[in-house]
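Asker: The opening position of the sequence shown corresponds to residue 1 in UniProt numbering, with each subsequent residue numbered one higher.
Keep in mind the hints are simulated off the structure, nothing from the lab.
Mixed in with the good hints, there may be bad ones.
[Claimed, not checked] Listed next, the in silico DSS-like pairs over lysine-lysine satisfying Cα-Cα at most 27 Å (straight line):
id : residue 1 : residue 2
1  : Lys251    : Lys177
2  : Lys173    : Lys193
3  : Lys219    : Lys203
4  : Lys217    : Lys203
5  : Lys203    : Lys55
6  : Lys193    : Lys98
7  : Lys193    : Lys203
8  : Lys104    : Lys184
9  : Lys203    : Lys249
10 : Lys151    : Lys203
11 : Lys124    : Lys98
12 : Lys216    : Lys193
13 : Lys98     : Lys154
14 : Lys219    : Lys154
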Amino acid sequence: MKKISYFALALVFLAGCKEANKKDTQESASKKETAGVEKQEKKEEGDWEVLFDGKTFNGWHGYNADEISPEWSIRDGAMVLTPDNNSKTGGKNLVTDKDYTNFKLSLEWKISEGGNSGVFWGVKEIPELHEPYQTGPEVQVLDNERHPDAKAGKTHQAGALYDMVAPSEDVAKVAGKWNTMVLKIDHNANEGKIWLNGVEIVKFPVHGEAWQNMIKKSKFNGWEGFGAYQTGKIGLQHHGDGVSFRNIKIKEL
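Build the full structure now, drawing on both the sequences and the hints.
Answerer: Laid out in structure tokens, this is it:
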């Protein structure tokens, strides 16, 4: 009986050792996987290019201008537009110094009560064209509660690909609150996406027949040059209303 008991105890001991080794192996694999994810996240974070340092307008200029309108200022780490519609000084709309083709753009925006603004991409500075929206498609920035444009259809509401694709849902925060927007433009995959406050709300093609058909069904039908440039500047709109932007960064794909 004692021999059997010793044998049973030995089996239990061996089983315990195997289970412990298995647990150690699983924990080791889990730690390696976690470390790998953290390393990848760190690498991806490092790929972001800061487009606004929170202190200067370095990397930006006025559309079709050598200077920036004094209506734009920097306060508390944000670009702030305080419109003066009588001012004729400088470029009222802001554009990046650099051009971009395939990218992921991340920024935060805050709109004033009843305000309207926008974020452009694919902007070409052409002297004969006085506004970025004449070439660059726009992600709408809007006070959905108060601005009348929100009543003109969902393709005019915050987060929409303006006048082309409506957001799947309204996730915009009220005027005066910061919203986080991410725009992805990938011509290799022929895919554009818009996220607002962590929710994917818009998806669309970015070139080809499907893109052209979208333009034909919009107010931009017949606008020569609109949405025609795969490479262009990022733009921030002066629409005559107060708006702020911060934490602007871009990752080229």
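Asker: Lys203 and Lys249 were given as a pair; does the straight-line alpha-carbon distance stay at or below 27 Å?
Answerer: 21 Å, holds
Asker: Would you mind confirming whether the straight-line C-alpha gap from Lys219 to Lys154 stays at or under 27 Å?
Answerer: Distance of about 14 Å is within 27 Å: holds.
Asker: Are Lys193 and Lys98 close enough, with their CA atoms no more than 27 Å apart?
Answerer: Holds: Lys193 and Lys98 sit about 21 Å apart, inside 27 Å.
Asker: Given the hint that Lys203 pairs with Lys55, does the C-alpha gap stay at or below 27 Å?
Answerer: 33 Å, violated
Asker: Does Lys98 pair with Lys154 here, judged by a C-alpha cut-off of 27 Å?
Answerer: 32 Å, violated
Asker: Below or equal to 27 Å on CA atoms is what counts here, so check Lys216 against Lys193.
Answerer: 20 Å, holds
Asker: For the pair we were handed, Lys124 and Lys98, check the Cα-Cα distance against 27 Å.
Answerer: 11 Å, holds
Asker: Below or equal to 27 Å on CA atoms is what counts here, so check Lys251 against Lys177.
Answerer: With Cα atoms ~25 Å apart, Lys251 and Lys177 stay inside 27 Å; holds.
Asker: Within a Cα-Cα threshold of 27 Å, do Lys193 and Lys203 meet the stated pairing?
Answerer: Satisfied, since the Cα-Cα distance of roughly 4 Å is no more than 27 Å.
Asker: Straight-line Cα separation of Lys104 and Lys184 no greater than 27 Å?
Answerer: Holds. Lys104 to Lys184 sits at ~4 Å (cutoff 27 Å).
Asker: Within a Cα-Cα threshold of 27 Å, do Lys151 and Lys203 meet the stated pairing?
Answerer: Satisfied, since the Cα-Cα distance of roughly 22 Å is no more than 27 Å.
Asker: Has the given pair, Lys173 with Lys193, been kept, meaning a C-alpha gap of at most 27 Å?
Answerer: Since the Cα atoms of Lys173 and Lys193 sit roughly 19 Å apart, the hinted pair holds (cutoff 27 Å).
Hint compliance for this structure: hints 5, 13 are broken, all remaining hints hold.
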